[in-house]
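Q: In case you want the letters, here they are:
Number of protein chains: 2
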Amino acid sequence: MLQNIRVVLVNTSHPGNIGGAARAMKNMGLAHLVLVDPLQFPAADASARASGADDLLANAQVVATLEEALVGCSLVLGTSARDRSLPWPMLDPRECGGKTVEAAATGQQVALVFGREHAGLTNDELQRCHYHVHIPSNPEFSSLNLAAAVQVLAYEVRTAWLAGQAAGGASTAAEAPALATMDEMEGFYKHLEATLVQIGFLDPANPRHLMARLRRLFARSAVDHTEMSILRGILTETGKAVRGEPHKRKEQ
Amino acid sequence: MLQNIRVVLVNTSHPGNIGGAARAMKNMGLAHLVLVDPLQFPAADASARASGADDLLANAQVVATLEEALVGCSLVLGTSARDRSLPWPMLDPRECGGKTVEAAATGQQVALVFGREHAGLTNDELQRCHYHVHIPSNPEFSSLNLAAAVQVLAYEVRTAWLAGQAAGGASTAAEAPALATMDEMEGFYKHLEATLVQIGFLDPANPRHLMARLRRLFARSAVDHTEMSILRGILTETGKAVRGEPHKRKEQ
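So the sequence lines, in the order shown, correspond to chains C and X.
So in my numbering the end of the first sequence lands on 334, straight run, no missing numbers.
So in my numbering the end of the second sequence lands on 334, straight run, no missing numbers.
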């Protein structure tokens, strides 16, 4: 069940933090590490800080984009230091542990995404997440070390998992309908954006927050597979209709 | 109140861990660091890993024995990796956070004691503690990095402290945006249904469960006012586009 949970580190600069994160993961029983465009990996510092979690480093998946890192995931939680221009559903680490274990117990793939040491995650990256997770911290000194942040969330995941075990296994897993995966959602957002441009609702020259708002709306509703095919069908038919096919029919 | 809580590191071998612990403490709002007979301190590695928590290192108290480190404390909690020959009252990190904050709130001095990187605390040292704290971990890989262990307990202390603050009135609840009213939602569903018929996606003669599925989807996402006007705008523009205005333009 914990194997359905992956930790994604985006653009990490210090390999020591990758090693520290791997050790924290293994201590808490997590094994699936994904590195998005790390500055330096593999590296001696990473292995040194991993001190015994080298297997996680050896099996780490290195990819070029966050999109690749999230393939197959139906729940994505991204760590966020501060309030953003566009507010997003926020969880504290404990709620994050609960949601993560609940979803993983139903066989869903879950990603916990951590940003750059200094800059964190970009707004674009944060908008690919269903929830933002904020680790409560001292307002005067709020930025945690990357491995320390991984430790806190992994600890809450293990705590929630142990609570489930104690409660007699993953009995909370009501069979929810299979959710659309992140790659299906991204395909939908591309199709939606193109359609909004086509019907003249979205001005590519001045998109404002439109797509972000729509991402947030659909992220909240946890779209399932059937719903996804309905939404894609609507966009396809809209495209046809706008290209004037109804007029053709009238003419006959 | 948090100033009544001290973190005591016993016989630390790696100065980097002292720096990492200081950073974790400051992130969580703790300031009082006591070092019992550190192998190497002060040290460049410590300042490097502290990255901004140098003030905690500068003010750190360096003492020769655990006894000196605990002067003035009325509650002492010691981290313990495994069950000892002599069973002791055990707490998990969450219970540790609760007990620590509860005591500190009454003005008691509390010490959280962490042992050596490899050997932990001796039985003699553990027997000076009121409680032993065990951080749940993977039985096959159970030993946390020292700074990571400090991070977990400091996080639970802050979480318990914040819970107390919230109970004390300071509501942390962010004000949610005003949701669309039921009548607005009904107006939207009518508009959506009409549009789906217009684009030829919904066959009025055989509607099946389409609208019900879409209602369920949008109901789940609790649409707010701004989102509602975006959705209505999309439907309006779709209608215009389908009524062939693009064709008129082409004809000219």
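In case anyone wonders, no lab produced these hints; they're calculated from the structure.
Mixed in with the good hints there might be a few duds.
You can't tell identical chains apart in this list, so a pair holds if it fits in one copy or across any two.
To be verified - Okay, derived cross-link-like pairs now, SDA-like style, lysine to any residue, Cα gap no bigger than 25 Å in a straight line: (1) LYS272 <-> VAL158; (2) LYS322 <-> GLY134; (3) LYS272 <-> PHE283; (4) LYS322 <-> HIS212; (5) LYS272 <-> SER303; (6) LYS322 <-> LEU292; (7) LYS181 <-> GLY246; (8) LYS272 <-> CYS155; (9) LYS272 <-> LEU313; (10) LYS181 <-> LEU157; (11) LYS272 <-> THR318; (12) LYS322 <-> LEU173; (13) LYS181 <-> GLU268; (14) LYS272 <-> LEU244.
Q: Work down the list of hints and note, for each, if the structure agrees.
A: We went through each hint and held it up to the structure:
In this assembly of identical chains, the alpha carbons of LYS272 and VAL158 lie at most 25 Å apart only when taken from the same copy (19 Å versus 33 Å across copies). For the identical chains of this complex, LYS322 and GLY134 are neighbours neither inside a copy (58 Å) nor across copies (59 Å), given an alpha-carbon limit of 25 Å. For the identical chains of this complex, LYS272 and PHE283 are neighbours both inside a copy (15 Å) and across copies (20 Å), given an alpha-carbon limit of 25 Å. Taking the closest pair of Cα atoms, LYS322 and HIS212 never come within 25 Å of each other, the shortest separation being 31 Å inside a single copy and 33 Å across copies.
In this homomeric assembly, LYS272 and SER303 come within 25 Å of each other (Cα to Cα) both inside a single copy, at 18 Å, and across copies, at 20 Å. With identical chains, the CA atoms of LYS322 and LEU292 are at most 25 Å apart both within one copy (23 Å) and between copies (19 Å). Proximity of LYS181 to GLY246 under the C-alpha cut-off of 25 Å is found in both arrangements, the shortest distances being 12 Å within a copy and 24 Å between copies. For the homomeric pair LYS272 and CYS155, the shortest alpha-carbon distance inside one copy (18 Å) is at most 25 Å, but the shortest distance between copies (34 Å) is not.
Within a single copy, LYS272 and LEU313 get their C-alpha atoms as close as 12 Å, and across copies as close as 17 Å, so both meet the 25 Å cut-off. For a Cα distance limit of 25 Å, the shortest separation of LYS181 from LEU157 inside one copy, 9 Å, qualifies, whereas the shortest one across copies, 34 Å, does not. Proximity of LYS272 and THR318 under a CA criterion of 25 Å is satisfied in both settings, with 12 Å inside one chain copy and 21 Å between copies. For the homomeric pair LYS322 and LEU173, neither the shortest alpha-carbon distance inside one copy (41 Å) nor that between copies (41 Å) is at most 25 Å.
Taking CA atoms no more than 25 Å apart as the test, LYS181 paired with GLU268 passes inside one copy only; the shortest distance there is 22 Å, against 31 Å between copies. Proximity of LYS272 to LEU244 under the C-alpha cut-off of 25 Å is found in neither arrangement, the shortest distances being 39 Å within a copy and 41 Å between copies.
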